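Peer 1: Chain by chain, the residues run as shown.
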Amino acid sequence: MHIDESKLIESARSGDAGAFEVIINRYMPKALAYARQMTGNEEDAQDLVQDAFFKAYRSLDGFKGDSGFYTWFYRLLTNLCLDRLRKAAFLKTVFFFRSAGEDDENYEGPLDWAPDEHPASNPGRVLEQKELKGALNKALRSLPDRQRAVFLLRHGEGMKLADIAGVLGISEGAVKSHLVRAVAAMQKSMKGYV
Amino acid sequence: MDETRFCSDYKDSLVLYIYGELGPAEAEQLKAHLAACAACRAEQESLARTIGAVRFYVPTRAETTRAVSGVMDRIGHTRRYFARKLAPAFVAAAVLASALVLTMQWMPFSFGEPPTGQVLMAKADLDTLENYEVVKDLDVLENLDTIDGMEEL
Chain A
1 MHIDESKLIE SARSGDAGAF EVIINRYMPK ALAYARQMTG NEEDAQDLVQ DAFFKAYRSL
61 DGFKGDSGFY TWFYRLLTNL CLDRLRKAAF LKTVFFFRSA GEDDENYEGP LDWAPDEHPA
121 SNPGRVLEQK ELKGALNKAL RSLPDRQRAV FLLRHGEGMK LADIAGVLGI SEGAVKSHLV
181 RAVAAMQKSM KGYV
Chain B
1 MDETRFCSDY KDSLVLYIYG ELGPAEAEQL KAHLAACAAC RAEQESLART IGAVRFYVPT
61 RAETTRAVSG VMDRIGHTRR YFARKLAPAF VAAAVLASAL VLTMQWMPFS FGEPPTGQVL
121 MAKADLDTLE NYEVVKDLDV LENLDTIDGM EEL
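Chains as they are written, first to last, in our numbering: chain A, 1 to 194; chain B, 1 to 153.
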C-alpha cells in the first residue's frame, strides 16, 4: 500500500520512527546506487547514505515542504558526497594517498552493463562487455564531481533539471552546461567501444 | 530552419534534445536541421549510443537491508540514549528551575532597596565600629571587667 509521503513525514516528525522507516525503504536503493556511483566505493556509499538519512530524520522540523522530500534529501546526500570527495582529493594531494581501485585495471566500478543472456555461448561478447564496462567506469570516474552528480541525477535518477539545480544550489543553465559537458566527456572516453 | 546556425551551434542542443530537455521551438528547429544534416544525425546517434550504453549500478537486497538497519539503529540508539540519560537530567533541571522561580515569587522579602530606617541604623553601626579603633591593645579588652569594676568604685 502506498502511503502519502507528507503523512509519513508528519508522523515521523512527531516521533514515529516506523513512519520514517517506510520513507527510508522507499528511497534507499536509489540513494545507495547514487552514492556508490559518486564515490566509486561501497563502504563510503553505506556511510554517506546512512549519515544523510540520519541527518534528514534529525532535521525533519527544518523541512518546510517547499521542495519534495526527495529533492531535499538528495541535497543532503549530495553535499555529504561532495564533502567526502573534496576531503579525499585533499588527502590525495597532500599525502599522495590513492583511493581504492584507482588506476587498477581490474577495479569493479559502479557502472554496470546489460548482461548477455547466454554469456557462455559467446565468450567474445563477454570480453567486449567487460571492456565496455571498464571504459564506462573510467569515463564516469574522470568527470569532475559536480558534472558527475548532474549526470547521475539526470540519467540515473531521472531527476528534472530544475530539481537538480535545487539539489546542487546552482542555476538551471549551469545544470544544462554540466550535463552537456559530462555527456561529451563520456562520449570521448568511450570512443571505439560504442 | 535557421540557415545562419552552424552544426557546432547544435552540439549542446543535441544532448538536451536526447534527454527531452529542449524547449518546443528549439526542438523543432533542431529536428529540421537533423533532417537536412547527415553529420549532425551521426553525432546524435553517437551521443544516443553513449547514453544508452550506461547501465547504472543496482544495489543488492543485502546492501539495502544493511543500510536501512544502520539508519534505524542510529535513530533507535539516539532515542534510547535520550530516554535513559538525557531525559531524567532535563526533567530534574526543569523541576529545579520551577522550584527556584516559585520560591522567589513566594519569598516574604524582596531584593529591592532597603527601607530608609535600615540605612540610618547601618550608618550608626559603622560610626561605632570606627570608634573601636581606640581599642588598640588586646590587654585592654581582656581587662574590661576590671575597668568596669574600677568605674563602679
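Hints in this document: simulated from the structure, not taken from any laboratory. Keep in mind that this is a model prediction, so the values were computed, not measured. Positions of the beta carbon are idealized from the N, C-alpha and C atoms, including for glycine. The reader is advised that the hints may include incorrect statements.
As the list claims (entries may be wrong) - Restricting the straight-line Cα-Cα distance to at most 20 Å, the calculated cross-link-like pairs of lysine to any residue (SDA-like) are: (1) Lys-188/A to Ser-8/B; (2) Lys-191/A to Gln-44/B; (3) Lys-55/A to Gly-52/B; (4) Lys-11/B to Ala-88/A; (5) Lys-130/A to Phe-56/B; (6) Lys-138/A to Gly-166/A; (7) Lys-55/A to Gly-76/B; (8) Lys-31/B to Val-180/A; (9) Lys-11/B to Lys-130/A; (10) Lys-55/A to Arg-66/B; (11) Lys-55/A to Met-72/B; (12) Lys-133/A to Gly-52/B; (13) Lys-188/A to Gly-76/B; (14) Lys-30/A to Phe-56/B; (15) Lys-123/B to Met-107/B.
Claimed, not checked - Label-pair restraints from in silico Cβ distances: (16) Leu-91/A to Cys-37/B: 23 to 31 Å; (17) Asp-145/A to Ser-98/B: 28 to 36 Å; (18) Gly-62/A to Ser-46/B: 41 to 49 Å; (19) Glu-43/A to Ala-97/B: 24 to 32 Å; (20) Lys-87/A to Ala-97/B: 27 to 35 Å.
Peer 1: Run every hint past the structure and note whether it holds.
Peer 2: Each hint, compared with the structure:
Proximity of Lys-188/A to Ser-8/B is assessed by CA-CA distance (about 16 Å); at most 20 Å being required, the pair is judged to hold. Taking the CA atoms of Lys-191/A and Gln-44/B, the gap is near 14 Å; set against the 20 Å cutoff, the hint holds. Pair hint Lys-55/A plus Gly-52/B does not hold up; C-alpha atoms about 35 Å apart against a cutoff of 20 Å. Restraint check: the Cα-Cα separation between Lys-11/B and Ala-88/A comes to about 34 Å, which exceeds 20 Å; the hinted pair is violated.
For the proposed pair Lys-130/A and Phe-56/B, the alpha carbon gap of about 15 Å is at most 20 Å, so the pair holds. A C-alpha spacing of about 28 Å is found between Lys-138/A and Gly-166/A, which places the hinted pair above 20 Å, so the restraint is violated. Distance restraint check for Lys-55/A and Gly-76/B: the Cα-Cα separation of roughly 14 Å lies within the 20 Å cut-off, and the hinted pair is therefore satisfied. Between the alpha carbons of Lys-31/B and Val-180/A the distance comes to roughly 18 Å, so the proposed pair stays at or under 20 Å and holds.
In summary, the hint linking Lys-11/B to Lys-130/A is not supported, as the alpha carbons are separated by about 30 Å, beyond the 20 Å threshold. Under the criterion of a C-alpha separation no larger than 20 Å, the hint pairing Lys-55/A with Arg-66/B is consistent with the structure, at around 18 Å. The suggested pairing of Lys-55/A with Met-72/B holds, with an alpha-carbon distance near 12 Å, which does not exceed 20 Å. Taking the CA atoms of Lys-133/A and Gly-52/B, the gap is about 13 Å. The hint holds against a cut of 20 Å.
Taking the CA atoms of Lys-188/A and Gly-76/B, the gap is near 48 Å; set against the 20 Å cutoff, the hint is violated. Taking the CA atoms of Lys-30/A and Phe-56/B, the gap is near 10 Å; set against the 20 Å cutoff, the hint holds. A distance of roughly 27 Å separates the Cα atoms of Lys-123/B and Met-107/B; the hinted pair therefore is violated under the 20 Å criterion. Under the hint 23 to 31 Å, the C-beta atoms of Leu-91/A and Cys-37/B, about 48 Å apart, miss the expected range.
Between Asp-145/A and Ser-98/B the C-beta distance comes to about 52 Å, which lies outside the given range of 28 to 36 Å. Between Gly-62/A and Ser-46/B the beta carbons are some 45 Å apart, a value that agrees with the proposed interval 41 to 49 Å. About 46 Å separates the C-beta atoms of Glu-43/A and Ala-97/B, a value inconsistent with the hinted range of 24 to 32 Å. Taking the beta carbon of each, Lys-87/A and Ala-97/B are about 42 Å apart, not inside 27 to 35 Å as hinted.
Checked against the numbered hints given earlier, this structure breaks hints 3, 4, 6, 9, 13, 15, 16, 17, 19, 20; the rest are met.
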